[in-house]
Amino acid sequence: MNWTLSVIIICIILLLLFGWQEIKRADRRRLSWRLLAIVLAVAALACLALPLSYRGQIPVADQSTGILLTEGFNKDSIPVGSPVFTLDKAIQKNYAKAQLINSLQELTNRKPALKQIKILGYGLEDYELKQLKNIPVSYTPAPAPSGIQSISWPAKLKTGEALNLQGKFKNNEGSPVKLILKGLNTTLDSVIIPSGKTSNFQLAALPKLTGRVVYQLLSLSGKDTLANESIPLEIEPTKPIKVLLLSASPNFEDRFLKNWLGENGYAVAARASISKDKASEEYFNLEKLNLQHITTTLLDKFDVIIGDLSALKSLTPAEGGALKQQVTQKGLGVIIRADSSGKAASWLQSSFPVNTVAVKEQLSVPLILQNSKTKTARLNIDPTYIGYRNNTQSLVTDAQNHELAATTLAGAGKLVFTTLNHTYTWMLAGNKQDYASLWSLLINQSARKLPPSDNWKVDSPFPNVNEPVILTLQSSVAPSSIAINDQPVSPAQNAATPYEWQSTYFPQKTGWQQAKWGGRGQAWWYVNTKKSWSSLKKLKKAATTHIFVANQSQKDTVTKQIQQKVKIEVSKIWFYLILLASCTFLWVERKFTT
Amino acid sequence: MMVQEGAQKIQALRQRWISLQLLTDTLKAAGIAILVGCILHYLLGLSMWWALGVFIIACIVIFAINHPWKLTLQSVCSSLNLHYPQLEESSELVLKPVASLNLLEQLQLHKVEQALQTVPAQPPGFNARLQKASLFLLLTLAASLAIAKTHQRWNLSKPSQHNNAVTNGSTNAPPEKTLPQVDGVALTITPPAYTGKGQRTQDKFTIMAEEGAVATWKITTNVPIGKTWLIFNGHERMPLTGANATEWHASKAISKPGFYQVSIDGKLSDLYQIQVIKDALPVIRIKTPKQYTHIDAGEAQRVTINTTVTDDYGLSDAHIFATVAKGSGEAVKFKDTSFAFNTPVTGGKTYNLQRTIDLPKLGMEPGDELYFYIQAQDNHQQKTRTDVLIVSIQDTAQLLSMDGIVAAANIKPEFFRSERQIILDTEKLLKDKDSISATVFKNRCNDVGADQKMLRLRYGKFLGEEDESGQEADGNEDVGKAENFGNAKVVMDAYTDKHDNAEDATFLEPAAKAQLKATLNEMWKAELRLRLYKPQEALPFEYKALRLLKDLQQKSRSFVAKTSYNPPPTKPEKRLSGDLSKIGQPINSQNAKAPADQFVSLKKAAMVLEQSRHQAISPADKQVLQIAAQQLAAKATAQPGTYLKAVSAIRRILATPASIRNADRAVVEKAIQASLPGSKTTPSPMASSPDMGLGQRYYKNLNR
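Heads up: the protein sequence lines correspond to chains A and Y, in order.
Heads up: the first sequence begins at 1 in full-length UniProt numbering, then just goes up one per residue.
Heads up: the second sequence begins at 1 in full-length UniProt numbering, then just goes up one per residue.
Isolated chain A (complex conformation):
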């Protein structure tokens, strides 16, 4: 108190002294301003010397909430005073206050015990989160990272099938990003994502290889490679199927179809009626059969029947019944080529109403095939279109969206109906590619499905080295043993779907891994490097953490921040500034008036 008093007295004396000096001065301009400055300066001086404080409230550090930092966290969202942990060395280096822990158990077993854990950043993996079961967890996610947001491609392709890679890319870079699909170090397709945009992309390529293939997806920003991801897929050779062609008269369409299928190793039998009770029979890669009468046993030998409508309609009731039974029960496929047959209704035709448009000239139009980006070459068509119906799917259309081929389910099998009757002109013109695409589409859609085989699935997206991967085998027979890279694993049968066996595996190396089961089957699956697909992994982690937090039984209870009343000192800097300003004014005033 003495100090305070003495300071005040000295300051009053100073004030009086300076005030007297100013009043005494001959030049009396701006006297009031000068006096004000003196008062301010002396007051500031006094405040500097005296300790000033006020009472206020500050939030209290909550020692019972642990903050767990994961990649991508924001420093501003870390609450003051709470204990901060991290599993990542890099984060610890970056943010020194964080305490590096080796496992999450250190959090759960900590003394004094943490009441809840707050996760910042992209979150944790599923297997890591499981360790935090017994403690309430809240989560503040980081914004979505730049890069690939989602991606999809078929894991298996058939020879001659195009690879279609679709996904979404978020570009936070300052410049446009170019996505390049590379196969065997050759650029196959590319797309540019503009700067600051999130957009869907689609890349396509026709693979030339067979077997296990790894394509590369590069994201380039200028000359910098942002990411180089592996796109593993298996390309399987096609399996020849057996085809039966039925026609009411010999025609070019059947002849070209038979030759094309036969030359590619498919088994073809063709029957064309040429006169009363007479039919010409042709066989390609097939032993002679009795085609006189269509029976269930005969149809059992074929995977798909291609016939013109009049030929199919002229079957005897017994034959028709056999066909219907094979289709609905056994999954046989029928491709029906429309022609000017009689009016008699048939179950084959009932789903496909046909409209004929009156046009003077022969129509020649490019066709659009299902799932194909490009149009085919022009083809002469009859102006006969299939009307839309529920439960049918259009396969081939023209540019005006007139349906020229459509398919529908018939029990276990499929029916494909088409009004295209001159596709052989493509072959005559040497256009094998379009011809093959069209007929492959129609036959693929209709052909009898292969008998069920075992199916190998990798349930964890983008498996990594030294991280658990969930592998599923779908098999109608229980596998005696499953071995991965000749190491036996122990599968568990799925309780809900009895034909699934799941196992967990920790891959030791990157690249293709072999899985074998029960001496019957084998499959290959791919393990990525740790760095690959980083943006997707982050998103996956964030999503997993979100789900975990949403589903946890113990919700965190603390909603209000605890506050504490404390004495807060006023910062001296303000008084320094006032003193400086006043003195400056006084000095400048004197300097420039004289």
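Hints are not guaranteed to be accurate.
To be verified - Reference listing, derived: stretches of chain A covered by chain Y, where coverage requires no fewer than 3 residues with Cβ under 8 Å from a Cβ of chain Y: (1) 102 to 116; (2) 304 to 314; (3) 451 to 465.
Stated by the list, open to error - Once the Cα atoms are required to be at most 25 Å apart in a straight line, the calculated DSS-like pairs of lysine-lysine come out as: (4) Y:K645 with A:K313; (5) A:K278 with Y:K604; (6) Y:K574 with A:K516.
Unchecked claim - Which stretches of chain A does chain Y cover? Using the computed rule of at least three CB atoms under 8 Å from a CB of chain Y, they are: (7) 36 to 48; (8) 264 to 278; (9) 405 to 411; (10) 472 to 484.
No wet-lab data here; the hints were simulated from the structure.
Glycine included, each C-beta is placed from N, C-alpha and C at the ideal position.
Since the structure of chain A is provided, determine the placement of chain Y on it from the hints.
Chain Y only, in chain A's frame:
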């Protein structure tokens, strides 16, 4: 004496001053010349000699400005006075004759002469000027040096694009790796005679030679070596013969592209490329005539052939081969002839060739046709020939014949006859011209012209052209009559447009109409000539009109377009009811294996390479790569430019399978991708899921 000495001193000073001034001016000029010369040389690419010209010009200009030789003794003196106080402002006294001086002046003269001896030889302030000039020279030298340097650097940075653009030149190729024993190679390429090029020598192994060239290797080694081979395309071995143990020779004719290696004592070098420049065929461009030329009656019966022939090395021959077809139907006769061009072809690269063929000289008559083509041959005995061109002379007799007219769709026979009649009349008139008087000739000519006009007007009607007969009031006469007053029918008939009238509707198509119009045009031209009493000139137009009319006749024939055809289904009930039981059924059976994939090993190799990123190559994998290496080598024989790098890379991979370089893998993968054909699309069934028949059961229960 003293006086003279003084004057001489001044003289000497003047001489010296002048020469020093010249020196500084020359320095300045040299500076300018160096700078300008440098700019001209490096930026505009002119010769350095231009600098000399610039120097001379600069000298002249500077001298002209400064006039150093105009320095007078007086000015020397005044300058001396100004700078040397010991002369006491009176050095001019030295120049004056002694006799004219008064006493005072003489005294002063003595003093001055003495002082003159101490005056330095250099002009006052000269040092500064000399320094400035030399500084200027130094600066320009520095500037020109800078220009030279930047130009050099610019040139160095530029060739990188240049290199990319021109990859074929062996000089631009990247440096080759040679075996350590090889000291150097002198590869002499002797191009074949047809190219007309001299032999050239290079110090690189990569060969780019004309087809049929002979390459001679002269390899010097730094150590004596034993056996040396050149291995072509991986299997063909050619020994090198050694003059001594360090100098080796070999020679080979280059006819195919491929690659080779040097093998010294069993050690193999890098692969070197052999590229072959094929001799291109001669190119013939015909300017005239057109593919099909029709010479109408009355036109000059000759054809001018104008053509350009080029070849990459040289042409040895060019000829016109012609065939004349005479007669028609079964009596047609052919006669072959050949012509040389007006200019002889003797080994040059480009020729503009002309030749005029006079058709009557070939014995051609109206109705005959001339077929010809041009053939050129280059120094390498390669020949090219053009398409066949046709020239035909119109057959007037054929045109005038009545055949076809009677048979064809006959729309307006009388008019066709008329045009023919007009031609006959005109020809008769021409024949009679000499035997009849001028007035009669003119009258008849006019009559024919009138006929032509009538005909033209008749045809004009088909086109809906205006009637030129001048009887416009024709149709309206009835209206004017008193008895028709108020007769609505007559009035309507006169003043309405009866466009519903079937007879008025034109039955000609637009194309036919256009041709008819062209016919009328020809008729109009013919009439003009006839009216001017020039029947000879009218004749071609008459013929042309007739020809167009005949074409018009042909057009009325109908045309059926080709369409796709699908046979209708056979209807047994409509067939004849004969007994077919003994007729067998056609049964056709054939077998074809799906073609084996020739590229299996390359596809496998791609898989092995991919796997090698993650694990070491096994011996089985190595074998796969070896087979792929052979296939790539076979490809490289045909296209060394594309595949040679890959062959070297795959060999390096095979040599050190434990540590594969990513660059090598990339090159091989790229080559495999390039060599594989696109895969064929074939149908394949979809797989069903192993659901233990759940789906089946579901369907069954649904249908129950």
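We went through each hint and held it up to the structure:
no.	hint	in the structure
1	102 to 116	violated (count 0)
2	304 to 314	holds (count 3)
3	451 to 465	holds (count 5)
4	Y:K645 with A:K313	violated, 63 Å
5	A:K278 with Y:K604	violated, 50 Å
6	Y:K574 with A:K516	violated, 64 Å
7	36 to 48	violated (count 0)
8	264 to 278	holds (count 9)
9	405 to 411	violated (count 1)
10	472 to 484	holds (count 3)
Of the numbered hints given earlier, the model fails hints 1, 4, 5, 6, 7, 9; all others are met.
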